[in-house]
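There are 2 protein chains.
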Amino acid sequence: MTLQRPENRHQVALLRRLRDEGPRSRAELNDGVDLSRSKLAAEVDRLIELGLIEATGLAASRGGRRSTALALSSRTRLLCVDIGATSVDVALADAELNVLAHVREDVEVRLGPDVVIDRALDLARKLVADQPGTVLAGVGVGVPGPVNFDRGEPVSPPIMPGWNGYPVRERFATALGCPAIVDNDVNIMALGEKHAGIARRANDFLFVKIGTGIGCGVVIRGEVYRGVNGSAGDIGHIQVDDEGPVCTCGNFGCLEAHFGGAALRRDALAAARSGRSAFLADRLAQGVTLSAIDVGAAAEAGDPHATAMVREGGRVLGEVLAGLVSFFNPGLVVLGGGVSQLGHELLAQVRSVVYQRSLPLATGNLPIVLSELDDEAGVIGAARMISDQLYSTLPGSRS
Amino acid sequence: MTLQRPENRHQVALLRRLRDEGPRSRAELNDGVDLSRSKLAAEVDRLIELGLIEATGLAASRGGRRSTALALSSRTRLLCVDIGATSVDVALADAELNVLAHVREDVEVRLGPDVVIDRALDLARKLVADQPGTVLAGVGVGVPGPVNFDRGEPVSPPIMPGWNGYPVRERFATALGCPAIVDNDVNIMALGEKHAGIARRANDFLFVKIGTGIGCGVVIRGEVYRGVNGSAGDIGHIQVDDEGPVCTCGNFGCLEAHFGGAALRRDALAAARSGRSAFLADRLAQGVTLSAIDVGAAAEAGDPHATAMVREGGRVLGEVLAGLVSFFNPGLVVLGGGVSQLGHELLAQVRSVVYQRSLPLATGNLPIVLSELDDEAGVIGAARMISDQLYSTLPGSRS
Chain A
1 MTLQRPENRH QVALLRRLRD EGPRSRAELN DGVDLSRSKL AAEVDRLIEL
51 GLIEATGLAA SRGGRRSTAL ALSSRTRLLC VDIGATSVDV ALADAELNVL
101 AHVREDVEVR LGPDVVIDRA LDLARKLVAD QPGTVLAGVG VGVPGPVNFD
151 RGEPVSPPIM PGWNGYPVRE RFATALGCPA IVDNDVNIMA LGEKHAGIAR
201 RANDFLFVKI GTGIGCGVVI RGEVYRGVNG SAGDIGHIQV DDEGPVCTCG
251 NFGCLEAHFG GAALRRDALA AARSGRSAFL ADRLAQGVTL SAIDVGAAAE
301 AGDPHATAMV REGGRVLGEV LAGLVSFFNP GLVVLGGGVS QLGHELLAQV
351 RSVVYQRSLP LATGNLPIVL SELDDEAGVI GAARMISDQL YSTLPGSRS
Chain B
400 MTLQRPENRH QVALLRRLRD EGPRSRAELN DGVDLSRSKL AAEVDRLIEL
450 GLIEATGLAA SRGGRRSTAL ALSSRTRLLC VDIGATSVDV ALADAELNVL
500 AHVREDVEVR LGPDVVIDRA LDLARKLVAD QPGTVLAGVG VGVPGPVNFD
550 RGEPVSPPIM PGWNGYPVRE RFATALGCPA IVDNDVNIMA LGEKHAGIAR
600 RANDFLFVKI GTGIGCGVVI RGEVYRGVNG SAGDIGHIQV DDEGPVCTCG
650 NFGCLEAHFG GAALRRDALA AARSGRSAFL ADRLAQGVTL SAIDVGAAAE
700 AGDPHATAMV REGGRVLGEV LAGLVSFFNP GLVVLGGGVS QLGHELLAQV
750 RSVVYQRSLP LATGNLPIVL SELDDEAGVI GAARMISDQL YSTLPGSRS
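Just so you know, the protein sequences line up as chains A and B, in that order.
Here the first sequence stands for residues 1 to 399, numbered as in our numbering.
Here the second sequence stands for residues 400 to 798, numbered as in our numbering.
Since the hints were made in silico from the structure, they are not lab data.
There may be inaccurate statements among the hints.
To be verified - A partial selection of chain B residues facing chain A, derived with a Cβ cut-off under 7 Å:
no.	residue
1	P545
2	G626
3	N628
4	D633
5	Q638
6	G722
7	S725
8	F726
9	L758
10	L760
11	A761
Every residue, glycine too, gets a C-beta built ideally from N, C-alpha and C.
Start from the sequences, fold in the hints, and give me the full structure.
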């Protein structure tokens, strides 16, 4: 059983409004819609007929008689899959994008698509089986690499051996019998920030994920901008120093080779071994596998070398962002991903460089903030992405 | 007398099609429009009634009887004003954006808005007077600085003393009795490239103007992207070298302080005075005021120092563009403005840096080309910008 698609843009607008603003009476839906009362009533009736919305309980009174509220079908379920470098998150959301269940398992993306997708499908089927009487309407999938969005396939993803050109979307759609959509994980997280995070009221903003690598989600007029090949936001390989460390991409001095999870691990190990950081040397001696978390802990404990590492990372990231702020003039910059947990020392340094280096017109009202969603951003974004597709007219239909 | 506005999105689509594709018969207009034949006929009749289109002569036959062609009203005129640092261009176009007349006068923008706008209005009134029986439908104005697009006013424009917050749009609209629109000159040139230049088939592209300063027009889905404060594309002050020359903005090592017309003039003078360039020293001795044109001539004549100047300029510009290409993943980069006349040596250097520094996915099919429109880009873009506004529904109207 599949979900019906709305037939015209008025139905699309009504569905998205019920999703983003919650249940509404007919009278409330009439406000701010450019439809006559009778046409609105006809569209609402048609949406009920299609099974996309339902009358439910009573809406707040407006002084007259109490009327029933309209809400999105309570049987609709959306599956969210967020494939990371070393784990996969699977969640189930309702039509209003409330996350009803969320599980995470460790699995290495480099084991290849067959292993990882089978694992994700197992988890998915269990979550769905726990919700009898519901309809799985669609699945949104994020992967840690560039994606050809129209084909739903990864394109030369550096940390995903075996995934290049693999039909990820088709695999999910066939296995689950519903529409699927696949995008880069950073784009999906950006959409999660837009739907439920600190970017809720921003239309043009940047979401910078500082994980193992560094990527950027570019949101324009409320929608993810992907560029002509789906590689927009690939800022990890912008050069910050033409004599800098060699990067995995083969060039010198890329942002990612200076900062990000992998670079911090490398620098933390060097600082521990050389004894430049007593804190990190201690942790290493205790058998800890050093990571960005340890650098953050060291900096917080006042270790001068670790503090300098965070500041230097913030400086190079800030320089890249300063250029992007001048170019793109966003209304907001959100920092997320694991390394953003280096926290306020990192944020202070990024802000200082951007506010100093970009022109006042671009930074006058520009907040630079840390994400508050953490792990939820990916699954909420995946739900939002497939929801946007389901709540749109089919290509070629008249609207 | 003012132009009527279309009443719904179908009328908008018909008008824009007649503008961009030229006169069409009713049968031809029916192709590729998602309207029934009878609804299309009604919309066309209404556009004739509104005076926005007219039946004209005979369209090519399709085997049946010959039918009249429909065309945009032949009486419609659009005024194009392109205010530069040291000159103003004024042109008159018809509804299909053919430039019918084009005049240019030297006038320094730093003389202030009263002087410059009076001069532009004088020129405009003469052009309009030469076209009796026509209707001036609107005016598009470009200025060499950042603009608050919603208000139609320059915002802290560095090279336009006296223009900050000046009501440029209102001045033109009141004086000419028609709608006016004001934008940054680089955005307007980008739109000109989109309408009639090398970017005609590109939807997501960058237009880089290398004049006295350096700016970038950002086109997304066929429309100019301005950012939240109208400063998007302000790439002249991206830092390329943190020990570089002091910039007019107060920072160090900005792109503009390294390259662009003003920087080249400074470096050409130094090279002539020190004798490092024999060619430029000769020109200076002849009393020439050195500019980018002389550097280009010197490089073309084989002067090694001038060639090195062009290459170094291409390198720093290429480094900034490499970052923007990674971030924005455009389908095309167009270089225009006076300094782009340094020509193929510059282009070769920019290409070499961008193709080496950006990831293959972003550069695989990325042409980097020189503009072919030169001075026309600004006036055609101004006509296109006001035309897009006139051929849209009024805010709040039902469509």
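Cross-check of the supplied hints:
Evaluation of the P545 of chain B hint against chain A yields a held restraint, the C-beta minimum of about 6 Å falling below 7 Å. Look at G626 of chain B: its Cβ gets to within about 2 Å of chain A, closer than 7 Å, so that hint holds up. Nearest Cβ of chain A to the Cβ of N628 of chain B: about 5 Å, under the 7 Å cut. The hint holds. A cut of 7 Å between beta carbons decides the hint on D633 of chain B: the least distance to chain A is about 5 Å, and the hint holds.
Among the interface hints, the one on Q638 of chain B holds; its C-beta lies about 6 Å from the nearest C-beta in chain A, closer than the 7 Å criterion. The criterion of a C-beta within 7 Å of any C-beta in chain A is met by G722 of chain B, whose closest approach is roughly 4 Å, and the hint holds. A distance limit of 7 Å between C-beta atoms decides the matter here; for S725 of chain B the minimum to chain A is near 5 Å, and the interface restraint holds. Contact between F726 of chain B and chain A, as hinted, is supported at the beta carbon level, the nearest pair being about 5 Å apart and thus within 7 Å.
For the restraint placing L758 of chain B at the interface with chain A, the shortest Cβ-Cβ distance is roughly 6 Å, inside the 7 Å limit, so the hint holds. Satisfaction of the interface hint for L760 of chain B is found here, the shortest Cβ-Cβ separation to chain A being roughly 4 Å, below the 7 Å cut-off. Nearest Cβ of chain A to the Cβ of A761 of chain B: about 5 Å, under the 7 Å cut. The hint holds.
This entry satisfies every hint, going by the numbered hints stated previously.
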